[in-house]
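**Student:** Taking the hints into account, I'd like the entire structure generated from these sequences.
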Amino acid sequence: MPTLTKNYVDKLLPRATDYVVYDNKLSGFGVKVTPKGRKVYLLHYRTLDGRQRKPSIGVHGHTTCEQARKKAVEWLAERENGKDPSLSRQIQRQSPTVSELCDRYMKEHSRIHKKPQSVWLDDFYIKKYIKPALGSLKTISVSKEDISKFHISLKSTPAQANRICQVLSKMFNLAEDWGIRPSHSNPARGVQKFKEESHERFLTE
Numbered sequence: 025m026p027t028l029t030k031n032y033v034d035k036l037l038p039r040a041t042d043y044v045v046y047d048n049k050l051s052g053f054g055v056k057v058t059p060k061g062r063k064v065y066l067l068h069y070r071t072l073d074g075r076q077r078k079p080s081i082g083v084h085g086h087t088t089c090e091q092a093r094k095k096a097v098e099w100l101a102e103r104e105n106g107k108d109p110s111l112s113r114q115i116q117r118q119s120p121t122v123s124e125l126c127d128r129y130m131k132e133h134s135r136i137h138k139k140p141q142s143v144w145l146d147d148f149y150i151k152k153y154i155k156p157a158l159g160s161l162k163t164i165s166v167s168k169e170d171i172s173k174f175h176i177s178l179k180s181t182p183a184q185a186n187r188i189c190q191v192l193s194k195m196f197n198l199a200e201d202w203g204i205r206p207s208h209s210n211p212a213r214g215v216q217k218f219k220e221e222s223h224e225r226f227l228t229e
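Note that the working numbering has the sequence shown beginning at 25, numbered continuously upward.
Hint data in this document are derived by calculation from the structure and do not stem from the laboratory.
We treat Cβ as the ideally placed atom computed from N, Cα and C, and that holds for glycine.
Hints are not guaranteed to be accurate.
What the hints assert, rightly or not - Lysine-lysine pairs mimicking DSSO-like chemistry, simulated, CA-CA at most 30 Å apart:
hint	residue 1	residue 2
1	Lys35	Lys56
2	Lys179	Lys138
3	Lys179	Lys152
4	Lys95	Lys63
5	Lys152	Lys217
6	Lys194	Lys155
7	Lys173	Lys151
8	Lys168	Lys217
9	Lys35	Lys49
Stated by the list, open to error - Simulated restraints, written as ranges between beta carbons of each label pair:
hint	residue 1	residue 2	range
10	Ser80	Asp127	27 to 35 Å
11	Leu37	Glu102	27 to 35 Å
12	Lys60	Asn197	43 to 51 Å
13	Arg39	Ala101	26 to 34 Å
**Tutor:** Written as structure tokens, this is what we have:
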């Protein structure tokens, strides 16, 4: 087996069927060549429970050989820690976006369990603030840092920012209930709220 390098992979020629050339230094790291000449880096490994995986890392030309090798090393380290990088990527791909989570939240929770004024506010917060800022993110990948940055971006209206954060927290709690995120992973939980000024009111005679 050769040592995979850019020059070596560049010289690989297509055949009548797919074939894989494996690296002689990093176990399982290889490049698949298709009949059309497309070259895809991959990693062939077994999970700790014996399942075979062969996830793609990247296409040669868009991903360099060294970038692919580095990713393969990371995935092998994850495997040694009992994780399954291929399954994690599959879960990531299948995870709904925050925008899709918002739609489900409105349909299956807000419009069913809340009063009309609260439903209107939820819809307003989602369309005006949440979807533009976070809508394209995968629900599974949203971090506490993402929520904190978003919350801070709304600091000019502290009370409203806190209400929006409450809506997000409920949405991510439901995401856990719906099996979209792991239990106890709500990224909006514990985000420090802004101090809100209290307004003292007096009755007239």
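**Student:** Now tell me, hint by hint, if it's right for this structure.
**Tutor:** Structure-based check of each hint:
1. Lys35 - Lys56: holds (13 Å)
2. Lys179 - Lys138: The hint holds at about 26 Å.
3. Lys179 - Lys152: holds (15 Å)
4. Lys95 - Lys63: Cα-Cα ~16 Å, so holds.
5. Lys152 - Lys217: holds (20 Å)
6. Lys194 - Lys155: holds (15 Å)
7. Lys173 - Lys151: holds (18 Å)
8. Lys168 - Lys217: holds (13 Å)
9. Lys35 - Lys49: Holds. Lys35 to Lys49 sits at ~19 Å (cutoff 30 Å).
10. Ser80 - Asp127: 27 to 35 Å: holds (31 Å)
11. Leu37 - Glu102: 27 to 35 Å: Distance hint for Leu37, Glu102 holds at roughly 33 Å.
12. Lys60 - Asn197: 43 to 51 Å: Check passed, 47 Å falls within 43 to 51 Å.
13. Arg39 - Ala101: 26 to 34 Å: holds (33 Å)
The structure is consistent with each of the numbered hints, conforming to all of them.
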